[in-house]
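*Asks:* Sequential numbering from 1 applies to the sequence shown in this note's numbering.
It is worth saying that the hints were derived from the structure and are not from the lab. Since the structure is predicted, the reported quantities are computational estimates derived from the model, not experimental observations. One or more hints might be untrue.
[Claimed, not checked] Per label pair, the in silico range of CB-to-CB distance: (1) 48 / 24: 17 to 25 Å; (2) 32 / 2: 34 to 42 Å; (3) 41 / 2: 18 to 26 Å.
Every residue, glycine too, gets a C-beta built ideally from N, C-alpha and C.
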Amino acid sequence: MEIGFCGPGLMGAPMIRHLLRAGHTVHVWNRTRAKAEALLADGAKVVDTPRELASRCEAVLLCVADAAAVEETVFGAEGLLSVDAAAPRRVRWIVDHSSIPPAATRAFAQRAAAVAAVAAEGPIAATGEGERERESAGTGTGTGTGTGTGTGTGT
Numbered sequence: 001m002e003i004g005f006c007g008p009g010l011m012g013a014p015m016i017r018h019l020l021r022a023g024h025t026v027h028v029w030n031r032t033r034a035k036a037e038a039l040l041a042d043g044a045k046v047v048d049t050p051r052e053l054a055s056r057c058e059a060v061l062l063c064v065a066d067a068a069a070v071e072e073t074v075f076g077a078e079g080l081l082s083v084d085a086a087a088p089r090r091v092r093w094i095v096d097h098s099s100i101p102p103a104a105t106r107a108f109a110q111r112a113a114a115v116a117a118v119a120a121e122g123p124i125a126a127t128g129e130g131e132r133e134r135e136s137a138g139t140g141t142g143t144g145t146g147t148g149t150g151t152g153t154g155t
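Hey, can you work out the whole structure from these sequences and the hints?
*Replies:* See below:
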């Protein structure tokens, strides 16, 4: 599966490595390009904008700093769901692992649904060391055709 990932920071980079080890193709974007390029040796593919991820991947995961960063990454001029995108958009699922207020998550999900994309939150909990050792736990909820919750480890 081709997966997009925005935000290869402390939590995002290990998640990307897990996806790569599981055999997925992962396209990565970050505001600071060097953080994305640090994953080239692991097999990640670096893109220039979130919009480029949207044209290549049906599922994109986010692990960015705050609600303002989610807003820009998803709905900004070069965002995943940019309304003036010239290239066809493939992205259908956006899973946000960022630590943002629940009200912001709901608002983003409603806006995504208006353009036929499903946005879900995927809170994660791990220490840096635990994430490297595949001992993170997460839950997920979403809007659209269904919702669900669960916990798991690893990929």
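*Asks:* Compare the structure with each hint and give your call.
*Replies:* So, going through the hints one by one against the coordinates:
A C-beta distance of roughly 21 Å is found between residue 48 and residue 24, which places it inside the suggested range of 17 to 25 Å. One distance hint, 34 to 42 Å for the beta-carbon pair residue 32 and residue 2, is violated here, with the actual separation near 23 Å. Our hint of 18 to 26 Å for residue 41 and residue 2 holds, since their Cβ atoms are close to 19 Å apart.
The structure fails hint 2 only (numbered hints given earlier).
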